[in-house]
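In case you want the letters, here they are:
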Amino acid sequence: MAEDPYSVLGVARTATAEEIRAAYRKLAKQHHPDLNPGNKAAEERFKKVSAANELLSDAEKRRQYDAGEIDETGAVKAPPPGYREYAEAPHGARYAYEGGGGGGFGGENFEDLFGSMFGERARSGPAAGRDAHYSLHAGFLEAVNGATKRLTLPDGLTLDVKIPAGTATGDVLRLRGRGGPGRQGGPAGDALIEIVVAEHAFFTRDGQNIGLVLPVSVREAVLGGKISVPTPSGVVAMSVKAGADTGTKMRLKGRGVPAHGGKAAGDLIVTLAVHVGEPQAALEAFLRENEGAGAFDARAGMVAP
Amino acid sequence: MMTLEEVLRQVAGVGEAEVSRWVALRFVRPEGEAGAWVFGEMDVARVRLIVELRDVMEVTEPALPAVLGLLDQLYDLRRRMRRVNEAMEAVLTAEMRAALARHILG
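Sequence order for the protein chains is P and C. Okay, so the first sequence: first residue is 320 according to my numbering, each after it adds one. Okay, so the second sequence: first residue is 1235 according to my numbering, each after it adds one.
Honestly, the hints are just simulated from the structure, not real lab data. Heads up, a few of these hints could be off.
Partial list, derived from the structure: chain C residues whose beta carbon lies under 8 Å from chain P [what the hints assert, rightly or not]:
no., residue
1, Glu1239
2, Arg1243
3, Ala1246
4, Arg1255
5, Trp1256
6, Glu1275
7, Met1276
8, Ala1279
9, Arg1280
10, Arg1282
11, Leu1283
12, Gly1303
13, Arg1312
14, Arg1316
15, Asn1319
Every residue gets a Cβ at the ideal spot worked out from N, C-alpha and C, and that includes glycine.
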């Protein structure tokens, strides 16, 4: 960082133009490169002294420097941000008015402002407490089957929230009387809890139905048979018809989202996906020996664009 | 974040005793304990504001609490106004905003 030009010249900030000129001449004589051949330090010093003189000998530049408008190299300094920029930002509340005898303006309480904005008289008498808004994350199966989750409130208290079966992301649960306290005997506000449901590793949700892409082996697909299928309410057995294929859809009635709120239970829509699995010598040998087995034009429906 | 010394270097025309007094009077509210205050950018801007009030607008020190108190209340209201505006922007439909504007303006 460059030095203050006044200290470079060794003069007071109040120095007159004459004093500055005298100080410059004295130092320039002392450090002039021609009088100090090969002396790098003197050369540097001389440059600084010259720069300082250039700035301070120009009345306008000196004024700008003194006012902080330019720095010692003459570059224009950005004016420091005014107080207003900080005060109007949300964190300007650091300097919220303290003299009002408590209350203050912080927090979420807009009622007073709306009251004054729309010319309403300050209300007295009983008033209901404010509703408190929270969000709560639920697992996929917790939301499908229903669960009770504990919500820790900002004040450290906990709230047991009963998530009903069939809850979806964006659903808002209302716990009556669990919001802000009422005023002068008014009822407490409600707690409004918005649910955010997590994704599941293999289940997907479509309203009341649940989707599942179910891997089956080549053997299961070709020969059919009973296979076990995970459902939101546990594993069930399902028969796969011989000749099933990737994309074959099967519907397990009533194995989706349980009935709730007047909606019937949904179904589990299973979409089969044939997996070949690890290479098997026996399968390989069979296919080699039986050229027709398993052979078909798998890309028949594909027409090049 | 800066120390008192750095603040004094950044703001021309103010001394340690004055800033310390302003902190004691809660005109300026740095973090940390006395002797180890930590000033944020807003605190520095506020010191600068007080210096300008005093030197440029000739507000005497006894009048400072009243002036700063009024400024703080003004900014409190402006912050809230801004939040209300943002809330209305986010919540109200275009028709509702237009109706509100008509109501307020005319």
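Report task. Kindly indicate which numbered hints from before are broken by the structure, ordering the numbers from low to high. Result -> 1, 2, 4, 5 and 15
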